[in-house]
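Next come the chains, spelled out residue by residue.
There are 2 protein chains.
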Amino acid sequence: MNSKFISQIQNGEPLAVARALTRVERGGDDARNLIRALFPYTGRADIIGITGAPGTGKSTLVNALAKELCAREKRVAIIAVDPSSPFTGGAILGDRFRMQDLAGTGIFIRSMASRGQLGGLAAAVSDAILVLDAAGFDVILVETVGAGQGEVDIAKHAHTTIVLEAPGFGDDIQAIKAGILEIADILVVNKADRDGANATVAALQMNLSLNPDKRAWRPPVLKTIALQGKGMSELADAIAKHKTYTNENHLRVKKEAARFDDELRELLKRELLGKKLQNVSDARWQNWIDEIITRKRDLYAIAEEILNA
Amino acid sequence: MNSKFISQIQNGEPLAVARALTRVERGGDDARNLIRALFPYTGRADIIGITGAPGTGKSTLVNALAKELCAREKRVAIIAVDPSSPFTGGAILGDRFRMQDLAGTGIFIRSMASRGQLGGLAAAVSDAILVLDAAGFDVILVETVGAGQGEVDIAKHAHTTIVLEAPGFGDDIQAIKAGILEIADILVVNKADRDGANATVAALQMNLSLNPDKRAWRPPVLKTIALQGKGMSELADAIAKHKTYTNENHLRVKKEAARFDDELRELLKRELLGKKLQNVSDARWQNWIDEIITRKRDLYAIAEEILNA
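So the protein sequences, as listed, match chains C and X. Note that numbering that gives the first Met the number 0 has the first sequence beginning at 0, numbered continuously upward. Note that numbering that gives the first Met the number 0 has the second sequence beginning at 0, numbered continuously upward.
Chain C extracted, bound-state conformation (with noise of 0.2 angstroms):
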């Protein structure tokens, strides 16, 4: 490894991160490589997770939150994670005013999606955070869609996770039981000027108060107008309330403890299962496949086969 490269990246200077993380998303021994050598740097930024549905305003209010944050003197990047590939350039026109809304601001900003495997989007976020961090960002923040599997992972990576909500989202009983309570830190009902803010924001503060889980942390219920920066300042304050609760009950640690545990498992999986079929030709595997679609052997069967070669 290309130890100016490393220097370059310790710096922070924006070329030489967007060259990392590009070779993070690539993958493969390069991406591991790098990830080697920028290991011992890492561990110092705070990682804040922001989730929501679509139409709730998530990328309105990461620009807002990132633009506070920055006048509050942190180093900020925006990881924005949509494991849902676009047709067109949908999503190109989306991240444009959004790079133009940062421009100046010393904010960075990468756009992650992947049109290939799941896992492979997962593990390369996971390597971004470590190089961001490693950059010297004091805040990474890293937005996904929910509601799905998607948060529940981030917010294994998290150490402060924001739940959105919108007005019109909160105030039915599916939308809480899906709600996805147990993981946010902080709620916040974004676009707070339109009808049914207050009884979506009655609706949360009455599901938490039902709340059987009795850690001491009671998340926040905040109401916010992204595109007017409204309510960023008392957002901000939250999370710092919210590193001070979890430095002081030592669960930031406890948090790293679990990302790493998973991180781990699954290396090993992907790395186990890679070293298992290397001798299987495709045609083979292809073989199997067509005994379990014809019934005439079940998944079972052929893993043991499989196990026992």
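No lab work stands behind these hints, which were simulated from the structure alone. Mixed in with the good hints, there may be bad ones.
The list cannot tell twin chains apart, which means a pair is met if one copy fits it or any two copies do.
[What the hints assert, rightly or not] For lysine-lysine, the following BS3-like pairs were computed, each having C-alpha atoms within a straight-line distance of at most 25 angstroms:
#1 Lys253 with Lys242
#2 Lys295 with Lys254
#3 Lys240 with Lys229
#4 Lys242 with Lys222
#5 Lys240 with Lys222
With chain C's structure known, arrange chain X on it following the hints.
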């Protein structure tokens, strides 16, 4: 495996089916033996995935669609997947409404949620589909919260994937960016009596027309008001049309291949990791994680040690 139990399941006896699903949720050798016994009798059911963000009216639509299919003399089962475990009775309350709504129809419904590992839930859903398939249901509706990785997983299993939107979701860039249009075989704008329904339909149509994906199937965009049962006949027709298309183009067998390819890989990964770690004590594992957290060694160094042991 008790052969009387197996034939009770094959006869679709509700209590036997419910017991089989409970067994599958618990996992382990018991689930494996059950699936192995049932596997030869699977492969006939149509698997329909229905996904959409909270607030789009997913449960109501699935119930209404199930009744429509029932009226067309199909035997219908519903699996409602909710990876976000709720705090309280919210989900149970929602389920109770649904079950009352379906009482006496002969439609089988089962909710699946998990507080545990998400890989565990995905495997349990796959196995539940096989149980219902062996039990002779013609159609299995698999309902998931979107939009995230969860959806994409279901698209792998489903023969037909329906993506739900509601007015106010589909008419901005963000929603379409996250709109997972690529996995949709049928698009539905539900709550079509609300303001903005036509704008949402138009936005979806426009995005589809920009689709560089040249598959012959152009996903229809339907309007429904599920609460009033409106649009269900058209939706059932679209599903039937999509089935004809997939059969004529041998896509059904391709989808099955992708599904079992994925499941076989996941099964192998779980088995390989379990075997590799069976003699590793908790203390030793914890020690490795500590080395990573304190940045003494990196993930890849630890993985190498484990793989070479």
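How the hints compare with the structure:
1. Taking CA atoms no more than 25 angstroms apart as the test, Lys253 paired with Lys242 passes inside one copy only; the shortest distance there is 13 angstroms, against 49 angstroms between copies.
2. Proximity of Lys295 to Lys254 under the C-alpha cut-off of 25 angstroms is restricted to the inter-copy arrangement: shortest distance 18 angstroms between copies versus 45 angstroms within a copy.
3. Taking the shortest Cα distances, Lys240 and Lys229 sit within 25 angstroms of each other inside one copy (19 angstroms), while across copies they are farther apart (49 angstroms).
4. For a Cα distance limit of 25 angstroms, the shortest separation of Lys242 from Lys222 inside one copy, 20 angstroms, qualifies, whereas the shortest one across copies, 46 angstroms, does not.
5. Taking the closest pair of Cα atoms, Lys240 and Lys222 come within 25 angstroms of each other only inside a single copy of the chain (17 angstroms); across copies the shortest separation is 46 angstroms, beyond that limit.
Hint compliance for this structure: every hint is met.
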